[in-house]
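K.L.:
Each chain, letter by letter, is given below.
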Amino acid sequence: MRKFSALSLAREALRSHKGWDRQWSSPELKKSYDVIIVGAGGHGLATAYYLAKEHGITNVAVLEKGWLGGGNTGRNTTIIRSNYLYPESAGLYNHAVKLWEGLSQELNYNVMFSQRGVMMLAHSVHDVQVAKRHIHANRLSGVDNEWLTPEEAKAYCPPLSISKSARYPVMGAALQRRGGVARHDAVAWGYARAASDLGVDIIQKCEVTGIVRDASGAISGVETSRGPISAKKVGVVAAGHTSVLMAMAGLQMPLESYPLQALVSEPVKPIFPCVVMSNAVHAYISQSDKGELVIGAGTDSYLSYSQTGSLHILTHTLDAICELYPMFSRMKMLRTWGGIVDVTPDRSPIIAKTPVDGLYVNCGWGTGGFKATPGSGHVFAHTIAQDRPHAINTGFHLDRFRNGRLIDEAAAAAVAH
Amino acid sequence: MLLIRCPYCEQDLPELEFANAGEAHVVRSSDMVGLSDEEFETFFFIRENPKGISFERWRHVHGCGRFFNAARDTVSDTFLLTYKAGEPKPSLDDLEGQKK
Chain A
1 MRKFSALSLA REALRSHKGW DRQWSSPELK KSYDVIIVGA GGHGLATAYY
51 LAKEHGITNV AVLEKGWLGG GNTGRNTTII RSNYLYPESA GLYNHAVKLW
101 EGLSQELNYN VMFSQRGVMM LAHSVHDVQV AKRHIHANRL SGVDNEWLTP
151 EEAKAYCPPL SISKSARYPV MGAALQRRGG VARHDAVAWG YARAASDLGV
201 DIIQKCEVTG IVRDASGAIS GVETSRGPIS AKKVGVVAAG HTSVLMAMAG
251 LQMPLESYPL QALVSEPVKP IFPCVVMSNA VHAYISQSDK GELVIGAGTD
301 SYLSYSQTGS LHILTHTLDA ICELYPMFSR MKMLRTWGGI VDVTPDRSPI
351 IAKTPVDGLY VNCGWGTGGF KATPGSGHVF AHTIAQDRPH AINTGFHLDR
401 FRNGRLIDEA AAAAVAH
Chain B
1 MLLIRCPYCE QDLPELEFAN AGEAHVVRSS DMVGLSDEEF ETFFFIRENP
51 KGISFERWRH VHGCGRFFNA ARDTVSDTFL LTYKAGEPKP SLDDLEGQKK
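Order-wise, the sequence lines are chains A and B. The first sequence begins at 1 in the working numbering and counts up by one. The second sequence begins at 1 in the working numbering and counts up by one.
Hints listed in this document are in silico derivations from the structure and should not be mistaken for laboratory results. Worth double-checking, as some hints may not be accurate.
Calculated cross-link-like contacts (lysine-lysine; reagent style PhoX-like; alpha-carbon spacing at most 25 Å) [claimed, not checked]:
| no. | chain 1 | residue 1 | chain 2 | residue 2 |
| --- | --- | --- | --- | --- |
| 1 | A | 65 | A | 98 |
| 2 | A | 154 | A | 269 |
| 3 | A | 65 | B | 51 |
| 4 | A | 232 | A | 31 |
| 5 | A | 353 | A | 65 |
| 6 | A | 53 | A | 98 |
| 7 | A | 232 | A | 269 |
| 8 | B | 51 | A | 205 |
| 9 | A | 353 | B | 51 |
| 10 | A | 30 | A | 53 |
| 11 | B | 99 | A | 65 |
| 12 | A | 232 | A | 290 |
With the sequences and hints as input, model every part of the structure.
P.N.:
Below you can see the structure in the form of structure tokens.
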């Protein structure tokens, strides 16, 4: 694979960019692999990349029923932050932020990681207290987070209205300066390219239809739409479809799948310098480098695998956007979409071994998995390769729903993902 | 927006009048103290989360206020049936034929 460098770009510029190879190969499916990863989204591809790079396991297939990065990796609002309340979460998401900071160099692929700051607004006395509690907890965990007055928030994000006559006036904000956004597709493409270069087979349009276990109950392979494949280890990284896949191995999961929607506006000149989230009125917004305002809405209240949601969810979010940023009230929205997110009871992910030997699962990222992509792949690769969790994901096991050691970000009010 | 038939009001009404209340037919034990950790986990956390026909509870919050059950296809989001709380769970085979 050709490296991207100033020299290679200049040379290709001089010959109409005709010398670039395909960024990843489309190999023939083999009959057997050491490890099969189910799902070629960001987390699955990152897992395959770190298996090859850090653990020397290159006989790996990543199976994808659709196209690479076409699920939630291509549907999220690309926000990256690590200001979670509990030490386990702060450890996991901060591990990811540290990897994000070097990711473009590591992959030799520009993932357009931009640490423009993520600001979370407080609209009530309760919000203020919760935000400050988060800030103190974050600083103890080594995660940057600071308190801004409404005027400081306005200075950081000029389009924000801090009018006292608003229905839910801004009473301050928590700012994580190291937070920001990245180009979601580039993350999938960059990991795919780097993993493929290390010998990983990425197989698209290959749906897993069964998980095969041997007489002892251990994993022996998978059934797919392109025939059976044998493997001693299978890692399921299938987001909204995790329950469906795990049922193939006879396991029931503490998961529910909901539609989560987002939308973008028509592209405009640079107007919005950072990421702003408001959990109380439920609106996230940032501006992509293409100029679109990227707006995150909420989940529907019911289970669905339809990748669409109800319109009232979107209009509710736009009401909040217009109230917080009156100047956007006449913006035209360009398109809306939905993704299916798998939500755990404590709103924390599961990155773990399962009761089935050789079967591993990375799921439950709910409404906020994109930010964790590099960290998630890194610790999941460790879990698969070593057959035991990395120190960072030790707490994110399946047993917590039985023994009660929840990582209860859901109860830590004002935490959106 | 879904249109939902309240089996008490006997009308098709917009989703905004209703609140989803999770999986239906999850039976709370009459002896909670006697449950093992495993049984409690199954009752409290493990969910069917089907891709296909889901049995779920809804509450007509901005109407009669009553809970009822529904069978809905989670792929098409189509309601196949709503029925009053306490009525038996319909058979999957009968419902499969109605899927669109």
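K.L.:
Each hint should be assessed against the structure and marked as holding or not.
P.N.:
Hint by hint, here is what the structure shows:
{"no.": "1", "hint": "65(A) / 98(A)", "in the structure": "violated, 31 Å"}
{"no.": "2", "hint": "154(A) / 269(A)", "in the structure": "holds, 19 Å"}
{"no.": "3", "hint": "65(A) / 51(B)", "in the structure": "holds, 16 Å"}
{"no.": "4", "hint": "232(A) / 31(A)", "in the structure": "holds, 12 Å"}
{"no.": "5", "hint": "353(A) / 65(A)", "in the structure": "holds, 23 Å"}
{"no.": "6", "hint": "53(A) / 98(A)", "in the structure": "holds, 18 Å"}
{"no.": "7", "hint": "232(A) / 269(A)", "in the structure": "violated, 52 Å"}
{"no.": "8", "hint": "51(B) / 205(A)", "in the structure": "holds, 20 Å"}
{"no.": "9", "hint": "353(A) / 51(B)", "in the structure": "holds, 24 Å"}
{"no.": "10", "hint": "30(A) / 53(A)", "in the structure": "holds, 21 Å"}
{"no.": "11", "hint": "99(B) / 65(A)", "in the structure": "holds, 24 Å"}
{"no.": "12", "hint": "232(A) / 290(A)", "in the structure": "violated, 44 Å"}
Of the numbered hints stated above, those contradicted by the structure are hints 1, 7, 12, listed in ascending order.
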